[in-house]
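Asker: The chain contents come next:
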Amino acid sequence: MKTAAHLALDAASVRGVTYADARVVAIRGRSLSTKQGRVGHASESESLGIGVRVIADGAWGFAASADLSRASVEGAAARAVEIAKASARVKREDVRLAPEPAAVAEWTTPYKVDPFTTSVAQNLDLLLKVDGEMRAVAGVTLAETGMNFQREESWFLSSEGADIHQTKYSTGAGYTAYAFAGSEIQKRSYPNSFGGQWQNRGYEQIAEMKLVENARRVAEEAVALHDAEQCPGGVATIILDGSQLGLQIHESIGHPIELDRVLGMEANFAGTSFLTLEKLGNLRYGSELVNVVADARQEHGPGLGTFAYDDEGVAAQSTPIITKGRFTGYLSSRETAHTIGATRSGGTLRAEGWNRLPMIRMTNVSILPGEQPLSLEQLIAATDRGIYMETNKSWSIDDKRYNFQFGCEIAWEIKNGKRVRMLKNPSYSGITTEFWNSMDAICSRDEWTLWGTPNCGKGQPQQVVGTGHGASPARFRNIRVGTAYQGS
Amino acid sequence: MLTKEQSADIFDRIRRFSSSDEVEAIFTGSRFALTRFANNAIHQNVEEENSMVSIRTNFAGRTARATSNQFDDESLQRAVAASESLARVQAPDPDLLPMPTGEEADSGDRFADKSVRATRFFSETAGITPGDRAEVVKSIVAVANRHKLTTAGIYSNSESEEGIFNSRGLANWYRQTLAEVSITMLADDSSGWQKLNSPDASNLDAARLAETAAQKAMESAHPREIAPGKYTVILEPAAVLDIVGFMFWDYSGVAILDQRSFLNDRIGTQLFGENISICDDVAHALQAGSPFDGEGMRRQRVQLVESGVVKRVVYARATAQKMKNSEHAAKVGSIEPTGHGFPLPNEVGEMPMNIVFGAPEKPRSVQEMIASTERGVLVTRLWYIREVDPYEKIVTGMTRDGTFLVENGKVQCGLRNFRFNQSLISMLSNVEAMSVPVRASGEESFDMVVPAMKVREFNFTEATKF
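Protein sequences appear in the order of chains A and B. Whatever position you read off the first sequence (first residue = 1), add 1280 for our numbering. Whatever position you read off the second sequence (first residue = 1), add 167 for our numbering.
Just to be clear, a hint being listed does not mean it is correct.
Some chain B residues close to chain A (C-beta under 10 Å, calculated; not the full set) [stated by the list, open to error]:
id : residue
1  : S221
2  : K305
3  : T317
4  : G320
5  : S349
6  : F429
7  : Y558
8  : I561
9  : R586
10 : E610
11 : N626
12 : K632
Just so you know, these hints were derived from the structure itself, not from any lab. Note that the Cβ used here is the ideal one computed from N, Cα and C, for glycine as well.
Generate the whole structure from the sequences, applying the supplied hints.
Answerer: So, in structure tokens, the structure goes:
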């Protein structure tokens, strides 16, 4: 594989580039699902290819090919140079890359059990057991489960001398019980909705999720929602579970801090950001309790945004994003670092695969847990009146990341420190900075989970990558609730 | 990229490597190039070439799939072995059908099939170079500079191929080109947007689209904030397609069998206004895409909604058989395979993806809709749409890139963007006027042939800060 990368760099260099890198990537995936007691789908996939990125005449070009023959690789490199020269015909200034030491490194995701060594029969048995537990509950009309593994091996070489070989594993699983009755479809998911929980780990992750143990409870809740009261509208104190808070971070902190968005590079598709450059160091993003980092290092945990080097060879880092409520950092790259006065990239450039251009992506954008011991039950006990919401059901935010609305699968009304009744169709909405400034409590480390979002889309052509979001349950005051059903 | 003949040779090798009862291979390949611009300059510029084979094996009611983008013997043997081992460990599925024969897949409208194949590949579009794309971008930037605006967007071109072969004699092949332009024009506190695609790049007038986007950005400058509430809205075609796209997953036999469709117990009822008719028609002159489905079956024209009554849904082969034997059979209208299945195995079955809205009796242009509106909101584009309620089909989202106040028959000014929470059932019951349907493209749903719509009582629930 390294031979192909060297061929590409050589072919680019003779064409007069000022910078080139080549990534050879081999991806293997397994995807299994069940539905109503049967296998839904069972598939494996392999993809191999090379992506060549160059700067020529001060502008970028990128070309990718699945064919690793000498002729094809050299052709891709030549094409990348031709494309860069075309880019230079409509440029305003030359690309400037922040300096980065050329790393030579090997790294593999720490794991106990390579998921691909587990048998498909074993995987399906587990999913069918979960499926059976859910369908044993009267009123469940549809039960779906899923399990996914991925192994991504990459070789990154650059004209500056970088030579990095990384192998990343990710594992995910989850399930949903649906109940249709009358004029309503209700659902409950575990451990999270939209694909479950994902981390950069081996099969040990599946074993620790207690999938079977929770299946019946989750299914019973789906059915019970039909008898629950509608979540009221108005202004309320809310408590969000960690998985929902993880998505709230993703949408209202993770995306607006992407420096390419801030600089207008995503204006046509994903949008821009309210976090214009003068706000760095000055904006009161949240309350004193809000501390957020973007941390790709292994010591942060096995998140979907954990790696040793990003896809332009910059070492994993931890960047303080919000410090005691104040906005302190963006997600940056070698190309964009200078716009915030940084001398080094924050190390966040990632690509979906060999055939995509790396771009600024969230790593693990996590809220740090509270320092004082506080469990979820203690937080509920300390709340006179409020609504506790769990598990995302819908999410939407405007293209500058101000106004958001989230729906959750289930909620409970809190009165005098106790959950008094289940509520269906809960939703809440607000403005990003007003919301984070209303946070007045967050649970401590033992309630903190590094959640995985496997389906984050960005870019043209669109790329889907996984991101990590550590969070523990937290409380917010004076939040609008029930807007999703207002006027309908 | 692979030719049909090369793919047939690869399929022969796959057959030799496989010990399964039946084997199928789906080939997909493309050469795709995209030039991306922002801040009035090209900042990303990419090209990729890739081909894949996806191999499905069947063993007496058990099936699975494995995919590879390498075509040497070792890679193909590994993919065949992976597919077979995934299939072998399963319990037999009594609903799994034998793969279709070439004869079975050839049923339906051959004339329409021919017209699809003859009209969707353009050598000139496939041959567009990086230099050509740069010149188009230059023309867009020139519009931005002339109006003192900032522009961002893309110009792309591709050629793609899709083929399916199976061991029962089916062999189907299709190729297509596509060019696309999407343009955002940004002013200090406003923006405008336009997007269009076509198999034939000569149908795209980038400079004209840039001018329209620029006018929207300038006319919506200094936006006013008005209170959220129920308004008459005029949705341009891209806004219509992005919001209505969220209901078409439910026009599927499997969705009915799973009881996850908003059409549960509603097929045959007057669900929408009498002015709403919708069909799925891959052969429509403004449509694009392959004339066969994931099993190689010919896509049929299906009338989904007629005068507001939901008539039927689409079916893959196995779904149709299952539906005929189900408790729902008497209340879902016609049940036949329609050529809308996804590659097997899958959980979702099928979906109509070549949506064409029926033309209204008296089409009204957007300008005529504005002229007939006492007070309302003109919407260019919707964004970040997600489903809130699956049965009432309430969806939420935002307006974006050109939202205007209409008063006394005229566009008065730009507006700060709104959040909406809107039932699609209510929306399609409240359509007061429609334009001639056009091919439209957005970001939340697949491309469709849709009209602009004037809709009363559209439910805006909040306003944002810009």
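Asker: Checked against the structure, which of the hints given earlier come out wrong?
Answerer: none
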